[in-house]
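> If you want the building blocks of each chain, they are given just below.
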Amino acid sequence: MLASIPTLLLALASLASSLSAGDEPTSEAEVSGAAGDADAPDPEPEASDEPALEAEGDAPPEGPATEEAETPAGADPPSAGTEEPPASEPASPETSAVSTVSTVDGLRPGGWALDHPREHYWVPNSWPVAQPCDFTLTPRRSCLVLSTDVFAGYRHDFVAGGSMGEFRVDRGEVGTGFVWKPHARIEGGAVVRLEAIRSAGPGSLMGIDGNSLIVRLLETYGHVAAHLGPIDLGARVGLVPERWIEQVQKVYDTRAVASIPSERAAFLDRSDVGATLTASGWKGLVELDLQVVNGEGRAQEELNPGKNTTAMLSVRPLRRRLPKGPLVLAVHGGYRDGSLGVASLRNHRGAVAIGVSSPWVYAGFEYAHALGYQARGDVTANALGAWASGHVLAPWLGLMGKLDRIQADLSDGDSVVLVATAGAFGDLFPYIDRNRRRLRLYVVYQYEGHGDAAGPLPGTPEALDTHRVMVQLQARGAIRAY
Amino acid sequence: MVVAACAQPTSEHARDQWLWHTLVLDNQVFLEREPELAGGKLAKMSDGPYRFFRGTAAQYARDVMEPGSPGYWPTAFGSEQTRDVALVGDPHPENIGTFRRADGTMVVDFNDFDGATFGPYDFDLRRLALGFWVAAEQIDRDHAALVAMGEPVEQPLREGDREALARAVVTGYVDEIARAASEPGPGLVLSDAEAAGVVLGTLLEGAIEDGDAQEKLEDYTRVEDGVRRMIYGDVEAPRTLELGREPQVIYEDTMRRLGARERTLVTELLARYADSRDGIDPQALRLKGSARRLGAGVSSYPVARYYLLVEGDSEAVEDDVLLELKQVLDPVPMPGLLRYPSRPFSTNAERVVGMQRALQAFDDDDPWLGWAVVGDDGYRVRWRSGYQRGVQVPDLSRDLADDDLVPDDLVVFAELAGRLLARSHGRAPKGDGTPAAPAIAAAIGDDGQGLVEEVMAFVDAYAPRVLADHAAFVELLEAHGPRLGYRRR
Chain A
0 MLASIPTLLL
10 ALASLASSLS
20 AGDEPTSEAE
30 VSGAAGDADA
40 PDPEPEASDE
50 PALEAEGDAP
60 PEGPATEEAE
70 TPAGADPPSA
80 GTEEPPASEP
90 ASPETSAVST
100 VSTVDGLRPG
110 GWALDHPREH
120 YWVPNSWPVA
130 QPCDFTLTPR
140 RSCLVLSTDV
150 FAGYRHDFVA
160 GGSMGEFRVD
170 RGEVGTGFVW
180 KPHARIEGGA
190 VVRLEAIRSA
200 GPGSLMGIDG
210 NSLIVRLLET
220 YGHVAAHLGP
230 IDLGARVGLV
240 PERWIEQVQK
250 VYDTRAVASI
260 PSERAAFLDR
270 SDVGATLTAS
280 GWKGLVELDL
290 QVVNGEGRAQ
300 EELNPGKNTT
310 AMLSVRPLRR
320 RLPKGPLVLA
330 VHGGYRDGSL
340 GVASLRNHRG
350 AVAIGVSSPW
360 VYAGFEYAHA
370 LGYQARGDVT
380 ANALGAWASG
390 HVLAPWLGLM
400 GKLDRIQADL
410 SDGDSVVLVA
420 TAGAFGDLFP
430 YIDRNRRRLR
440 LYVVYQYEGH
450 GDAAGPLPGT
460 PEALDTHRVM
470 VQLQARGAIR
480 AY
Chain B
0 MVVAACAQPT
10 SEHARDQWLW
20 HTLVLDNQVF
30 LEREPELAGG
40 KLAKMSDGPY
50 RFFRGTAAQY
60 ARDVMEPGSP
70 GYWPTAFGSE
80 QTRDVALVGD
90 PHPENIGTFR
100 RADGTMVVDF
110 NDFDGATFGP
120 YDFDLRRLAL
130 GFWVAAEQID
140 RDHAALVAMG
150 EPVEQPLREG
160 DREALARAVV
170 TGYVDEIARA
180 ASEPGPGLVL
190 SDAEAAGVVL
200 GTLLEGAIED
210 GDAQEKLEDY
220 TRVEDGVRRM
230 IYGDVEAPRT
240 LELGREPQVI
250 YEDTMRRLGA
260 RERTLVTELL
270 ARYADSRDGI
280 DPQALRLKGS
290 ARRLGAGVSS
300 YPVARYYLLV
310 EGDSEAVEDD
320 VLLELKQVLD
330 PVPMPGLLRY
340 PSRPFSTNAE
350 RVVGMQRALQ
360 AFDDDDPWLG
370 WAVVGDDGYR
380 VRWRSGYQRG
390 VQVPDLSRDL
400 ADDDLVPDDL
410 VVFAELAGRL
420 LARSHGRAPK
430 GDGTPAAPAI
440 AAAIGDDGQG
450 LVEEVMAFVD
460 AYAPRVLADH
470 AAFVELLEAH
480 GPRLGYRRR
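Residue numbers (numbering that gives the first Met the number 0), protein chains in the order written: chain A, 0 to 481; chain B, 0 to 488.
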């Protein structure tokens, strides 16, 4: 049945083409340009700022592997799509090449971008509106992207009168994605992304050969996208990323030191086996995601006949192309009907989030509500958090702050965990799409306080508070292999 | 649809689902590897509340460590210094038994350290007190069954005996930990049958008898033509339970012949075992026979357990040695608990043996204790001898029914068990290497009675939960079969 999906989409695309002859694409370049316009607030005067935008955008050449696999880690605002030339003004590869090699803040686009100058028009993480590879650049109808993402550093915890310092690798990921464009309005491809994890679980003393860092699949899926006038449709099947985390992290920029509240509280897992359908209207202005997955997350096979069904609506009422980069305001809401394990435990989720991203500041708020938590179907929990981060002396100095509050049992006022994070960071590179190139160092203080009924040692007040100092490096990059 | 989906399940229904879910997860490794034995374990747990209690140490850990759980019960007697005490992990009446040291001295001590780890001392203390409460409930039920069959019960438990047993555990603990803090040394040593009370005294005497008679060797080996050989087959016949219209075999005591792969494994394990202890010449460890033992334990029923017949000091059959190699898995997790340092042992087998030596009165309680690791699998090695004999709750039921015990003997046993636990906690270094007894004694202060009442409040509140869980578990088995509806992949 899956094999017939591309055929069906091709048929739909042909039908749409015949119905909208006015904007029928005549070449791949047009299609690509239209797709790349993902978050542009439809033809605006800023379009004339293209040279500057191009350089700032200096967007990553990531394939779906990069953008999609990366997104749970902190996806970029889809508004980067504003760096695309308007669909009505498809640029030829030649003219694009001239403009692309210009510099901003002394930064020159690197190797692949010079070879494929229009690649920086790429819209970061705006699937299914746009794909990472701009097929207008070459006669090729396919591309391959490689990416990697590392969070590593040193942390020192002070808890219950004791302290412990350790070097850590909190994330080690590598991904690849292949995209193929068989038709002007259709793309498809595959993504494989691996992650490193400790082989022993949280409560486990021993893992493989002690407690080794081992590699496992984080994501692996096939995907297809079709572009029908103002509507972009996409489907993914396999071990797919959790769309809520993927979407909300587009307006969250400090994942290297803390996850968003719904992920921190383990309300959601980063990926699961299933399928996602996405409909995006007017290049990201409105997006509807439907997701059906097993519900057991990455670490477990399906244990019950029920599936986790999620519906999520995203609206981006503000999308501006500014000289330094895109400005986006996004509002999200979603609900999951879920079940867990062989006993089909109630495991529903509801969540709302709002956030803004810009070249200078990221800020946002998320509230998530759990009906059924930690394998207890009768427990209701919630998690909320607010964050802000931005440069005060770009790119060398930035500040970040985040406050999370997780209540593991709403019937018990003492079951609260409060996490406050504050710190400074510095970037090696000036503002640039973070998926493509980032080398950022954080110095962070974090306080984690447990209510009387939330700590691991009930009744032992000294064990309720943890003070943590972290020095964390985020290193990330992506290249287009061809 | 959304309204229906949001409907909150009743607490009892949600608890049943939680129990089902966690039991499957905890036993998934067995359900996948050896579903027949996994089903046997779960069926065995249905026998009664005490066996259920033995098989649900992980549920206990979740309940006392996870916020919002029925066992999450704050203590006023904990401190930052008592969070990483060396724990037995799963102390309960049937995990107490006899040992014969290298010098021939007999001692009573805890005998199962599969769950040994570092954590708050009250985790163990509450578990032990709860264990005695549930054991008393089991004895009551055993007696009720006897009465129903028209058999006499001479010494039935009295109203309040459950609480008396649990209280005696904590009282003994409080007294002994104070003594251990003020009088450093080996602490309580139970080697004299006279001083060990009726229950443990009888156990000691029986162990000496069994040991002298080479009971275990006689049970599992035969001497033919002057050569001792392992026996195979049922030492005790298995039984079959019908669970959810599905028959489930429960092994009681069966010796299964090893295949080629397992023979290679145990040979390699035996060769590596010598590295784990001094005084053993690996060349001298000549393997004369091997088998897989089925039917032992409750929680560890599906775990690989091999019996190895090894040549003794001479060629004579009289000094042959029977060793048990038991696979060791992770201890019961304590959700949310940070451990500093987090990995004090390189393998689970080393953990179990290292902590057994630290927690027992003498590190040579079992002179053959050691470990061996092949690949990722670690095995604890111990001596199988009649000298090592454990408390059995069914024996206590029968002895009470036959007037060989009175309920007060059980109270004495419970108090000694509490003292043994305090001695173990006090003797073994904490996770940070410092002594535990002064830290625990300081946390209790001069309000020992307060700790007794706190633990009793926990037991009174949580023990009925264990009984209700057992009843729900039996229903789950009836509804979903002995593998709880888990489909092997």
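Take the hints with a grain of salt, since some may be wrong.
[Unchecked claim] Examples of chain B residues toward chain A, derived with CB under 10 Å:
1) Pro8
2) Trp17
3) Thr21
4) Arg82
5) Val188
6) Ser190
7) Ile207
8) Glu208
9) Arg271
10) Gln326
11) Asp329
12) Phe344
13) Ser345
14) Asn347
15) Leu483
16) Gly484
[Unchecked claim] Pair ranges (Cβ atoms, derived):
17) Gly160/A with Glu150/B: 55 to 65 Å
18) His466/A with Asp211/B: 33 to 43 Å
19) Leu216/A with Glu245/B: 33 to 43 Å
Rather than coming from a laboratory, the hints here were simulated on the basis of the structure. Note that the structure is a prediction, hence the values are computed from the model and not measured. Using N, Cα and C, we set each Cβ at its ideal position, and we do this for glycine too.
> Can you list which hints this structure breaks, lowest number first?
Hints 5, 6, 7, 8, 9, 10 and 18 are the ones this structure does not satisfy, whereas the remaining hints hold.
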